[in-house]
Amino acid sequence: MNTNRTFTSHYLRVRIKTLVVYAFLIVVGVTVIYPLLWTVFGSVRDEKLFALNPWGLPEQIDLRVYWEVLTEHGLARNMLNSLVMSSVGVVCIIVLALTSSYAIARMRWKLAPLVMAVFISGITIPVHSTLIPLYVLLRPLSKIDERVALMIPYIVFGLPTAIFILTNYMKSISLSLEEAAVMEGCSLIQSFALVVVPMTTPAIATVAIFSFMGIWNELMFALVFLQRQIVMTLPLGILRFTGLYTTQWQPTLAAIVLAMIPSLILYSILQEKIIGGMTAGSVKG
Amino acid sequence: MDKMLKNPYTIALFVGPAFLLFLFVIPLPVIQTLYYSFTEWNVISDPTFVGFKNYIQLITRDPNFLTAVSNTFLFAIGSFLLQIPFAFFVANILNNLKKMAGLFRSIFFFPCLLSATAVSLLWRFIYHPNIGLLNAALHALSLDRFVTSWLSNPHTALGAVIVAVSWQWFGYHMVIFMTGMSSIPKELFESVTLEGASSWQTVRYITYPLVKPFIRVSTILITASSIKAFDSIYVLTGGGPNNASTVLALQMYNRAFRQMKYGYGSTISVLLMITTVAFVLILQKIMRSEEVVY
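Protein chains in written order, with the numbering used here: chain A, 1 to 285; chain B, 1001 to 1294.
Worth double-checking, as some hints may not be accurate.
As the list claims (entries may be wrong) - Ranges between beta-carbon positions, derived for each pair:
#1 B/Thr1148 / A/Ile33: 33 to 41 Å
#2 B/Tyr1208 / A/Thr242: 19 to 27 Å
#3 B/Ser1149 / A/Val40: 49 to 57 Å
#4 B/Lys1098 / A/Tyr34: 23 to 31 Å
#5 B/Ser1142 / A/Gln248: 50 to 58 Å
#6 A/Trp55 / B/Arg1145: 18 to 26 Å
#7 A/Thr71 / B/Leu1081: 38 to 46 Å
#8 A/Tyr22 / B/Ser1149: 34 to 42 Å
#9 B/Leu1141 / A/Arg139: 51 to 59 Å
#10 B/Gly1238 / A/Val148: 28 to 36 Å
#11 A/Ile269 / B/Val1192: 23 to 31 Å
Hint data in this document are derived by calculation from the structure and do not stem from the laboratory. All C-beta atoms in this analysis are idealised placements derived from N, C-alpha and C, irrespective of residue type, glycine included.
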């Protein structure tokens, strides 16, 4: 009887503990999700009702504001700029980082560790310290197209982490397949392109995610380099709405939602890969 | 194969373009910044050499700079205190959870993928004095005396930014800690539970010491990113009200690109770089020696 009672009370305690744990997690979960949902609600709600009762659910769903934001306010243009710059940037980062990582991880030369150390130093040095001289150095190119000028620092800022990840990965692949390819008559460049690159795909995906997010979200350099509305990236695009902010909330909220949607879509498809990619540079460091 | 791997032309072809580009974009500008920090320069005319004038002015006659320095450190300490213990706590809970740990992990991680600009704009609405969620919540809980305009009150502006940044990033550090915890063998937890260890003892003597390298990584990441912090402060408060929430990176940006004092801005940028590198090196050293002691 006595043992039975302690058993029941132990069982009860475990149940209560589980309940408290889940309640806590749900509270944290709501704190994370609700502000995002609230932004979506606010963007489609009537402004007066929104001001009266900020916590309320949408009384109406007015999607016209999204069309206005994309076309009249020109956010579609900013999204396209960001998309093109991020994609081109990722491709350039991957090509440059793959070839350098191969030379560092595989090829035999005395200066390899030194070159690696120089690249890696780029992780610690704050990019802010390069902003003023780069702005001046790249001004001739900016006169032709600001976006092209800005691509150069964007690509280079992605290199240190990319080279770090790819070099580590390549060192972990066994040499035997490459040797076999060379025995079959492949040149080194062929064996690099046909054997090494395909085997590095998981690390390339990580680098792609990491670099894409970096360029897609960058603000400081964009502020300095991109002054004209037509060349602005998405972060600058949504910042323009702060001018309207005191009088009109709907377009600003809609712009924020539009800026979040691509990340949300990608995350729902590639979740584990993205979590791995975002933390890769740090965890392995 | 050996001979092919030693071919200097192939090596140059493979590493040359990236390395030259790198030299042009990071080391060269860093050296130039160092030079400009000793000049007065508005970009239109040539820089004039003024020696240590900028440095002396910065330290002795620029109250905004001193505010920026102290705010930068407050920002780093605040971000650390709000994120690391909480992230560790939640990671530990999720690691012991039987169901839905993956779901919560995905949700908590998500905000760090969003751009700091979008998140900060969103938090401007949360802090909005009239329509903001925070004041509405305070009214609902009849805590009206705490209602304030969070971002234009000099006492709350910096704290408000730290909370917004922590909201976005705690999940990131939580995932880092979970990676560390998942590498601890489950049998270890089982055996100490059988030995009668309380959950606090398990955390203190098993989880914490084994996750410590990951805490070190997070600490270095938070410190480095806080010293460089720009986006969230630029968007949320713009450094205001009246420079109350300004930080080093923002001061550099304002001096150089708003006031066209490129020499003076470079001086701030040099100090920013030295601080970041010094702190990362010091933290690495301290935390590594601690491990040896353990």
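Verification of the supplied hints:
| no. | hint | verdict |
| --- | --- | --- |
| 1 | B/Thr1148 / A/Ile33: 33 to 41 Å | 26 Å, violated |
| 2 | B/Tyr1208 / A/Thr242: 19 to 27 Å | 43 Å, violated |
| 3 | B/Ser1149 / A/Val40: 49 to 57 Å | 25 Å, violated |
| 4 | B/Lys1098 / A/Tyr34: 23 to 31 Å | 26 Å, holds |
| 5 | B/Ser1142 / A/Gln248: 50 to 58 Å | 31 Å, violated |
| 6 | A/Trp55 / B/Arg1145: 18 to 26 Å | 20 Å, holds |
| 7 | A/Thr71 / B/Leu1081: 38 to 46 Å | 45 Å, holds |
| 8 | A/Tyr22 / B/Ser1149: 34 to 42 Å | 36 Å, holds |
| 9 | B/Leu1141 / A/Arg139: 51 to 59 Å | 54 Å, holds |
| 10 | B/Gly1238 / A/Val148: 28 to 36 Å | 29 Å, holds |
| 11 | A/Ile269 / B/Val1192: 23 to 31 Å | 40 Å, violated |
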